[in-house]
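Student: Below, each chain spelled out in residue letters.
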Amino acid sequence: MSEKMRQKAQILDKEGIRRVLVRIAHEIIERNKGTEKIALIGIQRRGVPLANRLSGYIREIENKEIPVGVLDITLYRDDLTTLAHQPILRRTEVPFPVKNQKIILVDDVIYTGRTIRAAMDAIMDLGRPNIIQLAVLVDRGHRELPIRADYIGKSTPTSGKEIVAVRLQEIDGQEGVFILGEG
Amino acid sequence: MVQKKNLIGLEHIDVHEIELILDTAVAMKEIVSRPVRKVPTLRGRTITNLFYEPSTRTRTSFELAAKFLNADVINISSSASSVVKGECLKDTARTIEAMGTDVVIIRHPMAGAANLLTGWIGASVVNAGDGAHEHPTQGLLDLFTIREKKGVLNGLKIVIVGDILHSRVARSNIWGFLKMGASVSVCGPATMLPADIGRTGAAVYCNINEAIKDADVIIMLRIQLERQKAGLFPSLREYARLFGLNRERLSLAKKDALVMHPGPMNRGIEISGEVADSLQSVINEQVTNGVAVRMAVLYLLAGGGDA
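Chains as they are written, first to last, in the numbering used here: chain A, 2 to 184; chain B, 416 to 722.
Hint data in this document are derived by calculation from the structure and do not stem from the laboratory.
These numbers were taken from a predicted model, which means no experiment stands behind them.
C-beta: ideal position from N, C-alpha, C; glycine also.
One should not assume that every hint holds.
[As the list claims (entries may be wrong)] Keeping only pairs whose Cα atoms sit at most 25 Å apart, straight-line, the calculated DSS-like set for lysine-lysine is:
id: 1; chain 1: A; residue 1: K103; chain 2: B; residue 2: K420
id: 2; chain 1: A; residue 1: K155; chain 2: A; residue 2: K103
id: 3; chain 1: B; residue 1: K594; chain 2: B; residue 2: K565
id: 4; chain 1: B; residue 1: K505; chain 2: A; residue 2: K100
id: 5; chain 1: B; residue 1: K505; chain 2: B; residue 2: K420
id: 6; chain 1: A; residue 1: K103; chain 2: A; residue 2: K15
id: 7; chain 1: B; residue 1: K594; chain 2: B; residue 2: K628
id: 8; chain 1: A; residue 1: K100; chain 2: B; residue 2: K444
id: 9; chain 1: A; residue 1: K100; chain 2: A; residue 2: K65
[Claimed, not checked] Interface residues of chain B toward chain A, partial, derived using beta-carbon atoms under 7 Å:
id: 10; residue: T439
id: 11; residue: T456
id: 12; residue: I489
id: 13; residue: M525
id: 14; residue: G527
id: 15; residue: L531
id: 16; residue: E653
id: 17; residue: G718
[What the hints assert, rightly or not] Covered stretches of chain A (in silico footprint by chain B; criterion: 3 or more residues with CB under 8 Å from a CB of chain B, positions within the stretch not fixed):
id: 18; segment: 90-97
id: 19; segment: 122-128
Bound conformation, chain A alone:
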C-alpha cells in the first residue's frame, strides 16, 4: 500500500464491525434454517479472523460449534503470470471434509470477484460441497466476474483509485474499516 494514501473516511469502527458480524451470524442461521452441515472457511489473511468471529457469534446464538477452515488462494490466482514477484504462500487448513457440506466463504472485502473465483476453484479441489455461500465485511463494487455475496456487512461505492483498508485486532492490532485515497 502506498504511503501517499491518505485516510479519507472511516466506514466502520470497532463497534460497527461487531454489530455487522452479529447480524451476518443471524442471517446465516436464518438462511440455512439452523446450523446443520454449516462450515466456515476464511480466506487468508483477514477472512480468517472474521470466520473465527462469526463462528463465535453463531455459537453464542445457537450454542452450536461451527468448524472453521483456512484457505490460501494464491496458487489459484489468475494473475500469477503478470505479477513481478510471487505472493507469499500461506497456510491452507480445512480440517473437515467439504463434501456435502454448506460452505460459507468469508473474506474482508469483495471487489473484482477474482479472489472468490479462485477460492471456489480451491474448494472444489477439496471436494464437492452442497452449496457455497459468501460472506463479506465490505462490498465495494467494481465486479469483473458474475459473482455476488450472500451476506454483506456494508456496501460502499468506491472509486477504483481508492483502497478499502480493513484493520482487525488479530492481524493489525486495531479495529476499523477505512477508505484510503490520494489527496
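Since the structure of chain A is already known, use the hints to place chain B on it.
Tutor: Just chain B, lined up with the frame of chain A:
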C-alpha cells in the same frame, strides 16, 4: 522479496531466501496430502528434467512436483537422447530452450555444470546435483524435515557421517545448516574427508562415537560401493563396524535424535535395518517433503513474471 531466477546451491543463497522456500513448502505439503493433488498454478509452463546421471528419486520427485502444480514435464536422460550422439551440453540446452521451456532441472557429473547453463539459456536453472559440488533441493528438504520435527534449526547439533569427499548432499547440507544457526559435525574415514572441510565451519571427526555424542540429528550418507575398489577403505565390513549406525551407537545421541538418509540406503553397511525402520528414522518423510520443497522451488522460480 529478493527474486532469484536460478537455484544452483545453498552456498550463495541468503537466510531469507531459504526461509521463504521452507515457508512456501509448508503450504505445498498440504497440497501433497490432499486426495486431489493438483493446483493450477503452473498451467502452461514447461519444465525439463535434463539428467546426465541415473536418478530415480530426484527425477521422479521433480516430475511429481511439477505435475502437482500443473506444469508440463519433459524428461531427457543422457542414455536415450542426442547426448549419446555427441551433442554438447550447450547445444542440448539451447535446443530444449528453443522448443519452449521455462525451467531446466539439470543433473550432471561435472561440478559447475548447472552454473554454466545459466549463462547459456534464459530459462531458470535448478541444480539437481552437479558432481561433488551441491544438491540444493536435497539440502532444503533436509532443512525442512528437521525444522518440521524439531520446530527450530538454530542451536541444533547436526552430524553428517560417511563419504563427505564425494558427497554433494553433504556440501549443501553444511551450507544450509550453518546458515540457519545449527552446528555441524562431519565424520568419516580420513580418506573420505576433504582436507579443507573445516574451513566451512564444520567440526571434523574420524570417530563416530565421539561425533554423534548428544547429537540432535544424524545424517548417514550412502557409501558408494565402487569407492571401495578405489581403496578409500579396506572393506565394507570394516566400514560398517567403524562407521555404521546401529541401535547401540544411536543411544549415544540425544534420546529424541532424528536419523536421516538421502537414499538410496545400503542396509547393513552405513545404517542397520533396525535403525532405518525405527521411530527415530524420518527417511520416508524426507522423500515426501522432497516433493513439497521442489514444488516450492518451482513455484518461486516459474510462478510469476515472465520467467
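Student: Tell me if the straight-line CA distance from K100(A) to K65(A) falls inside 25 Å.
Tutor: Answer holds: K100(A) to K65(A) is near 20 Å, not above 25 Å.
Student: Between K594(B) and K628(B), is the straight-line Cα distance small enough, at 25 Å or below?
Tutor: Satisfied, since the Cα-Cα distance of roughly 22 Å is no more than 25 Å.
Student: For the hint on G718(B), just tell me whether its beta-carbon gets within less than 7 Å of chain A.
Tutor: Holds, because the Cβ-Cβ distance from G718(B) to chain A comes to roughly 5 Å (cut-off 7 Å).
Student: Would you check whether I489(B) satisfies its interface hint, that is, whether its CB is within less than 7 Å of any CB in chain A?
Tutor: Not OK, violated: I489(B) not within 7 Å of chain A, min 20 Å.
Student: Would you check whether G527(B) satisfies its interface hint, that is, whether its CB is within less than 7 Å of any CB in chain A?
Tutor: violated (28 Å)
Student: Does K100(A) sit within 25 Å of K505(B), going by the straight-line distance between their CA atoms?
Tutor: This hinted pair is violated, its Cα atoms lying about 51 Å apart.
Student: Is it true that the CA of K505(B) sits at most 25 Å from the CA of K420(B)?
Tutor: holds (19 Å)
Student: Measuring from the C-beta of E653(B) to each C-beta in chain A, is the shortest one below 7 Å?
Tutor: violated (48 Å)
Student: If you draw a straight line from the CA of K103(A) to the CA of K420(B), is it 25 Å or shorter?
Tutor: Violated, because 42 Å separates the two Cα atoms, which is more than 25 Å.
Student: Hey, K100(A) versus K444(B), does the alpha-carbon distance stay inside 25 Å?
Tutor: holds (21 Å)
Student: Can you tell me if the segment 90-97 of chain A counts as covered by chain B, using C-beta to C-beta distances under 8 Å and a minimum of three residues?
Tutor: Since three or more residues must qualify, the claim that chain B covers the segment 90-97 of chain A holds, with 5 doing so at under 8 Å.
Student: For the pair supplied as a hint, K594(B) and K565(B), confirm whether the alpha-carbon distance does not exceed 25 Å.
Tutor: holds (17 Å)
Hints 1, 4, 6, 12, 13, 14, 15 and 16 from the earlier list are contradicted by this structure; the remaining hints agree with it.
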